[in-house]
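A.B. asks: Going line by line, the protein sequences match chains A and B.
No gaps in the numbering here: position 10 of the first sequence is 10 in the working numbering, and each next residue is one more.
No gaps in the numbering here: position 4 of the second sequence is 4 in the working numbering, and each next residue is one more.
Calculated directly from the structure, the hints in this document are not laboratory data.
Just so we're clear, the structure is a prediction, and the values are computed from it rather than from any experiment.
Virtual Cβ for every residue (Gly too), placed ideally from N, Cα, C.
The reader is advised that the hints may include incorrect statements.
[Claimed, not checked] Simulated pairs of lysine-lysine, PhoX-like, Cα-Cα distance not exceeding 25 angstroms:
hint: 1; chain 1: A; residue 1: Lys-42; chain 2: A; residue 2: Lys-59
hint: 2; chain 1: A; residue 1: Lys-79; chain 2: A; residue 2: Lys-59
hint: 3; chain 1: A; residue 1: Lys-69; chain 2: A; residue 2: Lys-42
hint: 4; chain 1: A; residue 1: Lys-42; chain 2: B; residue 2: Lys-20
hint: 5; chain 1: B; residue 1: Lys-14; chain 2: A; residue 2: Lys-79
hint: 6; chain 1: A; residue 1: Lys-57; chain 2: B; residue 2: Lys-55
hint: 7; chain 1: A; residue 1: Lys-79; chain 2: A; residue 2: Lys-69
hint: 8; chain 1: B; residue 1: Lys-41; chain 2: A; residue 2: Lys-68
hint: 9; chain 1: A; residue 1: Lys-63; chain 2: A; residue 2: Lys-79
hint: 10; chain 1: A; residue 1: Lys-57; chain 2: A; residue 2: Lys-68
hint: 11; chain 1: B; residue 1: Lys-55; chain 2: B; residue 2: Lys-20
hint: 12; chain 1: A; residue 1: Lys-69; chain 2: A; residue 2: Lys-57
[Stated by the list, open to error] To give an idea of the interface, some chain B residues facing chain A are shown, with a C-beta separation under 8 angstroms as derived from the structure:
hint: 13; residue: Gly-16
hint: 14; residue: Leu-26
hint: 15; residue: Ile-93
hint: 16; residue: Pro-99
hint: 17; residue: Gln-106
hint: 18; residue: Thr-115
[Claimed, not checked] Label pairs and their computed distance ranges (CB to CB):
hint: 19; chain 1: A; residue 1: Gln-14; chain 2: B; residue 2: Leu-117; range: 28 to 34 angstroms
hint: 20; chain 1: B; residue 1: Gln-60; chain 2: A; residue 2: Pro-80; range: 23 to 29 angstroms
hint: 21; chain 1: A; residue 1: Gln-96; chain 2: B; residue 2: Asp-27; range: 21 to 27 angstroms
hint: 22; chain 1: A; residue 1: Ser-52; chain 2: B; residue 2: Gly-61; range: 33 to 39 angstroms
hint: 23; chain 1: B; residue 1: Gln-29; chain 2: A; residue 2: Lys-57; range: 33 to 39 angstroms
hint: 24; chain 1: B; residue 1: Asp-27; chain 2: A; residue 2: Glu-55; range: 34 to 40 angstroms
Letter by letter, the chains look like this.
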Amino acid sequence: EDQVTQSPEALRLQEGESSSLNCSYTVSGLRGLFWYRQDPGKGPEFLFTLYSAGEEKEKERLKATLTKKESFLHITAPKPEDSATYLCAVQARGNQFYFGTGTSLTVIP
Amino acid sequence: GAVVSQHPSRVICKSGTSVKIECRSLDFQATTMFWYRQFPKQSLMLMATSNEGSKATYEQGVEKDKFLINHASLTLSTLTVTSAHPEDSSFYICSARAPSGGVDTQYFGPGTRLTVL
């Protein structure tokens with residue numbers, strides 16, 4: 001069964017305390033894995049697309065990596081403005097999209 | 001690039017009335033758009049896939065006669081909640097699919113908060 005699982009559900013970090021969010025997936029033929037950021041009351045904002053195992057992408061304090069089973073979103077020295085829910089999604093071979101339930105990140109000043 | 005807008009951002013209506021929500025891709029053409037519903041502190045729930053020029057594909061459990069979807073052009077899809085009731089109150093989000101590098105990235109609109117009194 002195709003599915004996407006994100007962990008942890010919630011994460012509280014002190015400002016400057018680096019950590020990683022996990023997205024595990026089982027799909028029939030991965031076409032792409034996507035990371036989004038969602039602020040309360042807003043639509044998800046696109047962050048990254050990863051296409052194949054070994055690929056990495058960076059944007060400011062965020063770095064996404066991909067293996068054949070999972071993706072990590074590394075947050076280096078986070079700031080309070082990084083607080084949001086981070087969503088992971090995959091597109092399978094049949095073009096279907098599967099979303100995880102998200103990780104709610106809170107960065108405490 | 002890849003901006004998606006939604007209108008209105010917030011709507012309050014009386015029970016029994018119909019509400020139309022517009023989703024537009026502003027700087028690209030989208031043959032496929034998606035409509036999601038999101039409850040507080042929960043993830044996105046796909047309601048339907050909207051394809052330009054053809055009928056929408058609804059997910060199991062979503063009433064097509066209640067949630068009317070029209071994708072009349074490559075940049076516009078509309079969701080009409082017919083005879084709305086308080087249980088239809090929710091956050092509705094659309095997305096537009098844009099091909100990029102061999103995969104299709106979904107770009108989301110800012111969402112519409114519907115409150116049915």
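A.B. asks: If a hint holds in the structure, say so; if it does not, say that too.
C.D. replies: Consistency of the hints with the structure:
no.: 1; hint: A/Lys-42 x A/Lys-59; verdict: holds, 20 angstroms
no.: 2; hint: A/Lys-79 x A/Lys-59; verdict: holds, 14 angstroms
no.: 3; hint: A/Lys-69 x A/Lys-42; verdict: violated, 29 angstroms
no.: 4; hint: A/Lys-42 x B/Lys-20; verdict: holds, 19 angstroms
no.: 5; hint: B/Lys-14 x A/Lys-79; verdict: violated, 42 angstroms
no.: 6; hint: A/Lys-57 x B/Lys-55; verdict: violated, 37 angstroms
no.: 7; hint: A/Lys-79 x A/Lys-69; verdict: violated, 29 angstroms
no.: 8; hint: B/Lys-41 x A/Lys-68; verdict: violated, 29 angstroms
no.: 9; hint: A/Lys-63 x A/Lys-79; verdict: holds, 15 angstroms
no.: 10; hint: A/Lys-57 x A/Lys-68; verdict: holds, 16 angstroms
no.: 11; hint: B/Lys-55 x B/Lys-20; verdict: holds, 17 angstroms
no.: 12; hint: A/Lys-69 x A/Lys-57; verdict: holds, 17 angstroms
no.: 13; hint: Gly-16; verdict: violated, 26 angstroms
no.: 14; hint: Leu-26; verdict: violated, 14 angstroms
no.: 15; hint: Ile-93; verdict: holds, 5 angstroms
no.: 16; hint: Pro-99; verdict: violated, 11 angstroms
no.: 17; hint: Gln-106; verdict: holds, 7 angstroms
no.: 18; hint: Thr-115; verdict: violated, 13 angstroms
no.: 19; hint: A/Gln-14 x B/Leu-117: 28 to 34 angstroms; verdict: violated, 43 angstroms
no.: 20; hint: B/Gln-60 x A/Pro-80: 23 to 29 angstroms; verdict: violated, 40 angstroms
no.: 21; hint: A/Gln-96 x B/Asp-27: 21 to 27 angstroms; verdict: holds, 26 angstroms
no.: 22; hint: A/Ser-52 x B/Gly-61: 33 to 39 angstroms; verdict: holds, 35 angstroms
no.: 23; hint: B/Gln-29 x A/Lys-57: 33 to 39 angstroms; verdict: violated, 26 angstroms
no.: 24; hint: B/Asp-27 x A/Glu-55: 34 to 40 angstroms; verdict: violated, 26 angstroms
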